[in-house]
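There are 2 protein chains.
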Amino acid sequence: MAHGGTPRPMKGIRQLAEHLDISIGTVSRALNGKPDVNEETRKRVLAAAEQLGYVANQSGRSLRQGTTNVIGLMIQSSKETVENSDNFFLTVTGGLQSVFSRHNLDLIMLPCPNDEDPYEYLKRMVARRIADAMIISETQRVDKRFDLLAKAKIPFAALGRSLSGTQHPWADLDFDGVANCAIDRLVAHGHRRIAISTPASDINLGFVFAEGYRRALERHGIAYDPALVIRAKSSEQGGYQVADELLRLEDRPTAVILIYELMAIGLYRRMMEADIIPGRDIAVVGFREAPRAKFLQPALTCFRTSLHDLGVELAEILLSSMPAYNHIYPKTNRQTTWPLELVPGESDAFHLTAAK
Amino acid sequence: MAHGGTPRPMKGIRQLAEHLDISIGTVSRALNGKPDVNEETRKRVLAAAEQLGYVANQSGRSLRQGTTNVIGLMIQSSKETVENSDNFFLTVTGGLQSVFSRHNLDLIMLPCPNDEDPYEYLKRMVARRIADAMIISETQRVDKRFDLLAKAKIPFAALGRSLSGTQHPWADLDFDGVANCAIDRLVAHGHRRIAISTPASDINLGFVFAEGYRRALERHGIAYDPALVIRAKSSEQGGYQVADELLRLEDRPTAVILIYELMAIGLYRRMMEADIIPGRDIAVVGFREAPRAKFLQPALTCFRTSLHDLGVELAEILLSSMPAYNHIYPKTNRQTTWPLELVPGESDAFHLTAAK
DNA sequence: ACGCACTCCGTAAACGTTTACGATACTATG
DNA sequence: CATAGTATCGTAAACGTTTACGGAGTGCGT
Numbered sequence: 004m005a006h007g008g009t010p011r012p013m014k015g016i017r018q019l020a021e022h023l024d025i026s027i028g029t030v031s032r033a034l035n036g037k038p039d040v041n042e043e044t045r046k047r048v049l050a051a052a053e054q055l056g057y058v059a060n061q062s063g064r065s066l067r068q069g070t071t072n073v074i075g076l077m078i079q080s081s082k083e084t085v086e087n088s089d090n091f092f093l094t095v096t097g098g099l100q101s102v103f104s105r106h107n108l109d110l111i112m113l114p115c116p117n118d119e120d121p122y123e124y125l126k127r128m129v130a131r132r133i134a135d136a137m138i139i140s141e142t143q144r145v146d147k148r149f150d151l152l153a154k155a156k157i158p159f160a161a162l163g164r165s166l167s168g169t170q171h172p173w174a175d176l177d178f179d180g181v182a183n184c185a186i187d188r189l190v191a192h193g194h195r196r197i198a199i200s201t202p203a204s205d206i207n208l209g210f211v212f213a214e215g216y217r218r219a220l221e222r223h224g225i226a227y228d229p230a231l232v233i234r235a236k237s238s239e240q241g242g243y244q245v246a247d248e249l250l251r252l253e254d255r256p257t258a259v260i261l262i263y264e265l266m267a268i269g270l271y272r273r274m275m276e277a278d279i280i281p282g283r284d285i286a287v288v289g290f291r292e293a294p295r296a297k298f299l300q301p302a303l304t305c306f307r308t309s310l311h312d313l314g315v316e317l318a319e320i321l322l323s324s325m326p327a328y329n330h331i332y333p334k335t336n337r338q339t340t341w342p343l344e345l346v347p348g349e350s351d352a353f354h355l356t357a358a359k
Numbered sequence: 004m005a006h007g008g009t010p011r012p013m014k015g016i017r018q019l020a021e022h023l024d025i026s027i028g029t030v031s032r033a034l035n036g037k038p039d040v041n042e043e044t045r046k047r048v049l050a051a052a053e054q055l056g057y058v059a060n061q062s063g064r065s066l067r068q069g070t071t072n073v074i075g076l077m078i079q080s081s082k083e084t085v086e087n088s089d090n091f092f093l094t095v096t097g098g099l100q101s102v103f104s105r106h107n108l109d110l111i112m113l114p115c116p117n118d119e120d121p122y123e124y125l126k127r128m129v130a131r132r133i134a135d136a137m138i139i140s141e142t143q144r145v146d147k148r149f150d151l152l153a154k155a156k157i158p159f160a161a162l163g164r165s166l167s168g169t170q171h172p173w174a175d176l177d178f179d180g181v182a183n184c185a186i187d188r189l190v191a192h193g194h195r196r197i198a199i200s201t202p203a204s205d206i207n208l209g210f211v212f213a214e215g216y217r218r219a220l221e222r223h224g225i226a227y228d229p230a231l232v233i234r235a236k237s238s239e240q241g242g243y244q245v246a247d248e249l250l251r252l253e254d255r256p257t258a259v260i261l262i263y264e265l266m267a268i269g270l271y272r273r274m275m276e277a278d279i280i281p282g283r284d285i286a287v288v289g290f291r292e293a294p295r296a297k298f299l300q301p302a303l304t305c306f307r308t309s310l311h312d313l314g315v316e317l318a319e320i321l322l323s324s325m326p327a328y329n330h331i332y333p334k335t336n337r338q339t340t341w342p343l344e345l346v347p348g349e350s351d352a353f354h355l356t357a358a359k
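Sequence order for the protein chains is R and P. When the first sequence is numbered by this note's numbering, its final residue is 359 and no position is left out of the sequence of numbers. When the second sequence is numbered by this note's numbering, its final residue is 359 and no position is left out of the sequence of numbers.
These aren't lab readings, by the way, just hints derived from the structure by calculation. There could be a bad hint or two in this list.
Because identical chains share one entry, a pair is satisfied inside a single copy or across any pair of copies.
As the list claims (entries may be wrong) - Derived DMTMM-like pairs: lysine to aspartate or glutamate, alpha-carbon spacing no greater than 25 Å straight-line:
{"hint": "1", "residue 1": "Lys-297", "residue 2": "Asp-247"}
{"hint": "2", "residue 1": "Lys-147", "residue 2": "Asp-120"}
{"hint": "3", "residue 1": "Lys-154", "residue 2": "Glu-21"}
{"hint": "4", "residue 1": "Lys-156", "residue 2": "Asp-247"}
{"hint": "5", "residue 1": "Lys-297", "residue 2": "Asp-150"}
Can you build the whole structure from these sequences, using the hints too?
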């Protein structure tokens, strides 16, 4: 006899079962949508669970069925990332969740501490079986994490492409496309000496961008000059530094492509200091459109994309590589480059007439 | 006899035990630093665990001892947050982790999906017992989450103070101090009509800031004018809107204090459009120093603080309210306002001579 | 009346760990 | 030598679920 007590916090499935005068097995089956349970009792169970606020204990569940219903997103909160990502991760996360939530999967973010090796951190998380699948980001040129996850047989996908030989799912921004588009545009405006920036750290996207740049130049029959590839931190300060190095060159480039939107701020400042005006004396093309670079005068030419949709794509790619969800997202191609769209500004809107 | 096989992934403590010819109880005790185990065998166990890469399964462990060794940080990735937080959370997270890691606690971030009610989301996470303790942020004026966590007897702390009657641990920026300092400074420069911005959403910090503003005015014997408290979104666009509204006022203020650094960008732009120059025609004081507002000309007067250290403080406050760690961090005061330091710029560096 | 298929539900065994308890061997003490 | 105490370890019972298995009841055809 239920005494209609106030809805106190549930202790476990056992209590819920005896509240209903049903065996715990039936309760479990009812909650999990198993077929062999009367539709009538299922309703009763669901109602009681709702009323008493019962939710299955995650530890018990995952211990039994070996699955956590959790997807982990590992992020490195290195100083550089924190200062420059411009909420990159939070935006992508929104897209990821919109897919995962459809399957009752919860996304958790796993921030690797600054003072811990990302590999060791991931190893710990994997061994603890804290998540069913992983998304990793900021992949390095040689990244042991791929092997780690593969050996542990944990499905994973990377935010950012792989350059090592290992074949695995990823989604990444189309650096190639950006480099091509930017260079096409600059060349059409008469530029021949075009510099680019590339990150100081050993991160994949730097190589990809530089490679796209090299090939685009080749396509236009322009010689590749290593002096024009400038390594700098991906920050406002880095942009300042890039400008500084450009000004030091004896044979100055007439255009520069930045790999981080933020850099434009510092670059503008340094250029202004030297009385060189972007869009008049030098052409500047930024990478990703960002709210914080919108104020720049003259307006920065850059590229726009939906990071939310990139997240959606990445989530689907990941699920398609998980046996339990493969039939829902039967992707054949699990490696995607995500397009960006040119947003023309004024920072490169001038034609080169004579040399120099 | 161990055959010196390759270190394959461990199946469980059982395998590790029979590898060592020891009972699983002893292995567990050895790994967990229990006293009643021979120092010699402990070394053997630790060595074998290291070599075979054994890490205790989290589900089994938490099921048994009812603890997860995980601290959850709930964040709402609402559009507004994403665009404006300027990596606020990632920075605070660094501070949090530096404390937690000392106690083998892992921090995970729980991003509440946009389309889910934060209360329901937290309820789910709590019921699943995914973490031992919680940190919540963006607390509302009336926030049911406090009661939820209290009833569930889950230790928690808030990033951002509480305004409801409930007594609970929090750490927050010193909005009062900022309002006081800003107004003192402005009044010293001769200003009497001073406007402030406050968030459009029902978030606590808005009320705190407005209240500090009101009291500071009172202290200087300046009448409070509700028309000078302008609600706007905490973004660049919001700043533009604030400027717009200020310009519309018949009796224009001579100074304005912004609650988000980003707003300064939009405000500057709108002011410039109206040929009103910050630092000459109107005094502008920003709130938190931010890399992305550094470029502003004239330089924005604002306030600096270490979000990392705020995270450290918050972590210690949380731990002090957890029975297991209380003896390590015996805090008496679990509600802290975190100081900010004035960074004088040019945006308010003029003295008012005559009225208007 | 009998067997069979089907629906629904209870029972109990897992999942991997920690830990209370008791057992054993050894040492010190009387 | 008997006894108590100590150090070390093995045993088994939990923790809260899910799920394979089997049993009870029902309906139906022969």
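>> Cα distance capped at 25 Å. Does Lys-147 pair with Asp-120 within a copy, between copies, both, or neither?
In response: within (11 Å within a copy, 39 Å between copies)
> Between copies, within a copy, both or neither: which fits Lys-297 and Asp-247 at Cα up to 25 Å?
Replying inline: both (23 Å within a copy, 18 Å between copies)
> Which holds for Lys-297 with Asp-150 at a C-alpha limit of 25 Å: within a copy, between copies, both or neither?
Replying inline: Neither way: Lys-297 and Asp-150 sit 41 Å apart in one copy and 42 Å across, limit 25 Å.
> Within a copy, between copies, both or neither: where do Lys-156 and Asp-247 come within 25 Å Cα-Cα?
Replying inline: So Lys-156 and Asp-247 fail the 25 Å test inside a copy (48 Å) and across (57 Å) alike.
>> Within, between, both or neither: how does the pair Lys-154, Glu-21 come out at a Cα-Cα threshold of 25 Å?
In response: This pair counts as between: shortest inter-copy Cα distance 23 Å, intra-copy 44 Å.
In the structure shown, a violation is registered for the earlier hints numbered 4, 5, in ascending order.
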